[in-house]
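Student: Sequence:
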Amino acid sequence: MTITKPAESVEAALPEAPVRIAAVQTVSGPDVDANLKAVDALIAEAAAEGACLVALPEYFPLISSDEMAKVRIREAEGEGPLQSFLADAARRHGIWLVGGTVPLQAEVQNKVRNSTLVFDAQGRLAARYDKIHLFGFQRAEERYDEAATIEPGSTPCCFDSPAGRTGLSVCYDLRFPELFRAMGELDLIVLPAAFTYTTGRAHWEVLLRARAIENQCYVMAPAQGGRHPNGRVTWGHSMIIDPWGEVLACREVGEGVVVSELDPARIAAVRESLPALRHRRLG
1 MTITKPAESV EAALPEAPVR IAAVQTVSGP DVDANLKAVD ALIAEAAAEG
51 ACLVALPEYF PLISSDEMAK VRIREAEGEG PLQSFLADAA RRHGIWLVGG
101 TVPLQAEVQN KVRNSTLVFD AQGRLAARYD KIHLFGFQRA EERYDEAATI
151 EPGSTPCCFD SPAGRTGLSV CYDLRFPELF RAMGELDLIV LPAAFTYTTG
201 RAHWEVLLRA RAIENQCYVM APAQGGRHPN GRVTWGHSMI IDPWGEVLAC
251 REVGEGVVVS ELDPARIAAV RESLPALRHR RLG
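Quick note on this note's numbering: the sequence shown kicks off at 1 and runs consecutively.
Think of the hints as simulated: they come from the structure by calculation, not from any bench.
It is possible that some hints are incorrect.
Unchecked claim - Pair by pair, the computed Cβ-Cβ distance ranges are:
hint, residue 1, residue 2, range
1, PRO275, GLU178, 34 to 42 Å
2, GLN109, GLU246, 15 to 23 Å
3, VAL108, GLU49, 12 to 20 Å
4, ALA140, ARG280, 24 to 32 Å
5, SER65, SER273, 47 to 55 Å
6, LEU277, PRO15, 28 to 36 Å
7, ALA269, ASP145, 40 to 48 Å
8, PRO177, GLY254, 28 to 36 Å
No residue lacks a Cβ here, since even glycine has one placed at the ideal position from N, Cα and C.
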């Protein structure tokens, strides 16, 4: 059964004290086993630094020049080695784990759902979000068309985690602020991504900071970052941003982990001094 908790107009269940959260950055290639081995070590590093919620980037199990490769490894929800890996890692480390994206079965035979799966500290599936907005870009020889192999989702997703009310999004979703408004008041937005170098250099940080500022919440964006075996270059700059739009932690390029605290008092202070969410008149 699909576990997708749609957005609701509820007050966020804020933690009582600051909690540590971590974003993992990878440079994934076509070898799934090698990618999982690298990710496993980075999850352990984040857990050792005290993170209670850890997020992986988009396409963490596989980035290949063969776009059909992800279709060949797609899984049914609740079955398969990728989901077992995530559940086991969450359980072993006693953390909540946001599994970047995993290719899950779609209604169309030759496509996948690009799905973020969240596992709680007991390794149980807690939430699922299927990427709604599919990236398309063409400039000179650089071209991307996710719709060729991905079937879009349709439902925003947020859930209660140790970091409070948490909203899920993926990469290109960042450009559509109405998605985040539909989630209601959030304490944390998690955005796994694989931004291209071209679009990332131009827009990544400014859009992430805008989403944090306008929603007055923390934003955590784990990303792919570097030159991949297929020649693709991703922007990286995995970061954690506070509700005032300040970048608290960032890793520019290469594999690694960024860790910071989510402080409920900071959220409350920002919303008290500038009650923009209460001043909204439309939507």
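Student: Which constraints among the numbered hints does this structure fail? Numbers only, ascending.
Tutor: The structure conflicts with hints 1, 2, 3, 4 and 6, although it agrees with all the remaining ones.
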